[in-house]
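Visitor: Here are the chains, one letter per residue:
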Amino acid sequence: MEQLALFDASPRWTVSDLTRHLRLLLENDPELQGMWVQGEISNLVRAASGHIYFTLKDSGAALKCVMWKGEAAQLKFVPREGAAVEAHGRISIYEVSGQYQLYVDSLRPLGEGVLYQEFLRLKALLEAEGLFDPARKRPIPELPKRIGIVTSPTGAALRDMLKTLQRRMPLTEVVLSPSPVQGDEAPQALVRAIQALNESMPPDVILLGRGGGSIEDLWAFNDERLVRAVVASRAPVISGVGHETDFTLVDFAADLRAATPTAAAELATALTVLDLKQTLVESVRMLAESLMDLLDRQQTLLDGIQTGLRFYSPLRRIDIEQQRLDDFGRHGNALQAHRLELAGARLNGLQNRLAALNPQAVLERGYSLVTKDEKVVSSRSQVRAGDNLRVRVRDGSFDARVTGKG
Amino acid sequence: MAKNEIKPVKGLTYEEAFAELETIMSALESGEKPLDESMQLFERGQVLIKHCTDLLDNARLKVQALSSEVPADIEENE
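Quick note, the sequences are listed as chains A and B, same order. Be aware that the first sequence starts at 0, since it is given in numbering that gives the first Met the number 0, and climbs by one per residue. Be aware that the second sequence starts at 0, since it is given in numbering that gives the first Met the number 0, and climbs by one per residue.
Bear in mind the hints are in silico, worked out from the structure with no lab data behind them. Hints are supplied without guarantee of correctness; some may be wrong.
[Unchecked claim] Here chain B is said to cover these stretches of chain A; the calculated rule only asks that three of the stretch's residues, wherever they fall, bring their Cβ under 8 angstroms from a Cβ of chain B:
id : region
1  : 153-166
2  : 169-177
3  : 196-208
For every residue, glycine included, the Cβ atom is placed at its ideal position computed from N, Cα and C.
Hey, can you work out the whole structure from these sequences and the hints?
Guide: Written as structure tokens, this is what we have:
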């Protein structure tokens with residue numbers, strides 16, 4: 000018999016409410032929002048949309064899984080029916096069908112989980128030893144003269160690195176120390192390649208790289224021996240292993256970690272050929288500038304000296320002397336004129352006096368001049384009676400005779 | 000750089016040439032050199048810059064391998 004609804008205190012739900020409630024229950028459990036689940040793949044469907052649907056199962060149970068297109072594209076292996084895998088993701092409910100399922104964000108072959116555990120164990124060990132200590136890391140030279148490359152001689156990584164180095168800094172000398180980069184013998188070969196490089200042609204920096212691959216492909220770069228060889232390398236090491244998302248123990252041990260081989264080559268050439276050219280252009284400018292400065296300074300000095308020289312120049316002395324001479328000259332002329340005047344006056348006086356003494360003038364006044372034999376007779380003793388005399392008067396002369404002495 | 004030890008520019012590596020350029024630059028900037036020598040330094044500086052530019056323009060990556068197992072064509076992969 001049915002219970003009377005009146006006394007029924009049970010809550011009432013719609014399917015939607017209940018399903019949402021369950022979904023939130025699951026989603027609020029942190030244990031279920033990020034964990035690894037082991038199982039075998041079955042009912043694998045790759046939808047045209049790119050999403051992958053499958054069921055994980057083991058001997059006792061099954062779990063619906065979905066991997067969205069975005070995450071599926073990141074897969075590094077091809078999941079197949081029956082493959083033992085580990086799926087990482089969160090549990091939720093697809094409300095439309097009421098189906099709880101695992102929303103997978105990462106999927107890997109089961110063995111990888113073991114590898115990863117080993118990776119973590121070794122990483123903790125080496126970290127504790129201080130091998131990853133940032134203080135231990137050495138600076139990368141800005142302008143390495145020689146770059147050592149440790150990688151496979153046939154890989155794309157080498158090609159990428161050489162291409163990058165040629166483009167950025169072709170002045171660099173590159174020494175390749177070839178080694179296989181995957182397989183059992185790879186770790187030991189890589190160690191030897193690093194040692195050989197340090198011993199025979201020590202580079203300024205070593206690029207240790209390989210291209211992308213699965214975690215197994217990159218496994219040599221998690222080898223303890225290689226990690227120790229990187230730490231022991233005399234030249235600083237830049238690692239460039241796999242892709243951006245790949246981290247190996249060598250990356251932690253390297254003095255610098257690059258995301259890819261190309262990036263490693265870029266980090267090794269901090270200064271590029273373009274930077275050097277820029278510096279040269281600057282040098283041309285500075286060189287010209289210093290010379291101009293120098294010439295300006297010299298010109299200024301020269302101007303100063305020229306001014307000084309003009310001051311002390313013999314020409315200036317000559318000018319000065321000339322001026323003094325001119326002054327003297329002017330003074331001398333005045334003096335001379337005065338002197339001439341005086342001389343003129345004196346001459347005049349003399350002339351007058353001379354004129355006064357002119358015998359002719361005496362004759363003009365009526366006196367006579369008597370000579371005997373060309374001698375002036377000025378005394379009676381000079382003559383005797385009968386002497387012939389010559390008498391000069393104003394307008395000429397005549398002869399006379401002494402008749403007596405009176 | 001000793002004054003009289005002037006090497007022909009042609010044989011200088013980029014580093015050598017640039018180091019000399021820097022020496023010349025500071026000598027010119029100090030202004031202590033006689034004018035005649037400064038002019039010579041300036042001309043030498045210009046030659047060095049030209050040489051450096053040529054080196055940069057014509058540089059090809061020099062690749063050598065430590066082991067003979069390496070295929071001969073790696074240099075062509077540049």
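Visitor: Please go over all the hints and tell whether each is borne out by the structure.
Guide: So, going through the hints one by one against the coordinates:
Interface restraint, the region 153-166 of chain A with chain B: holds (7 residues with C-beta to C-beta distance below 8 angstroms; minimum three). Coverage of the region 169-177 of chain A by chain B holds in this model, with 9 residues showing a Cβ closer than 8 angstroms to a Cβ of that chain against a need of three. Under the rule that three or more residues need a Cβ within less than 8 angstroms of chain B, the assignment of the region 196-208 of chain A holds, with 3 such residues.
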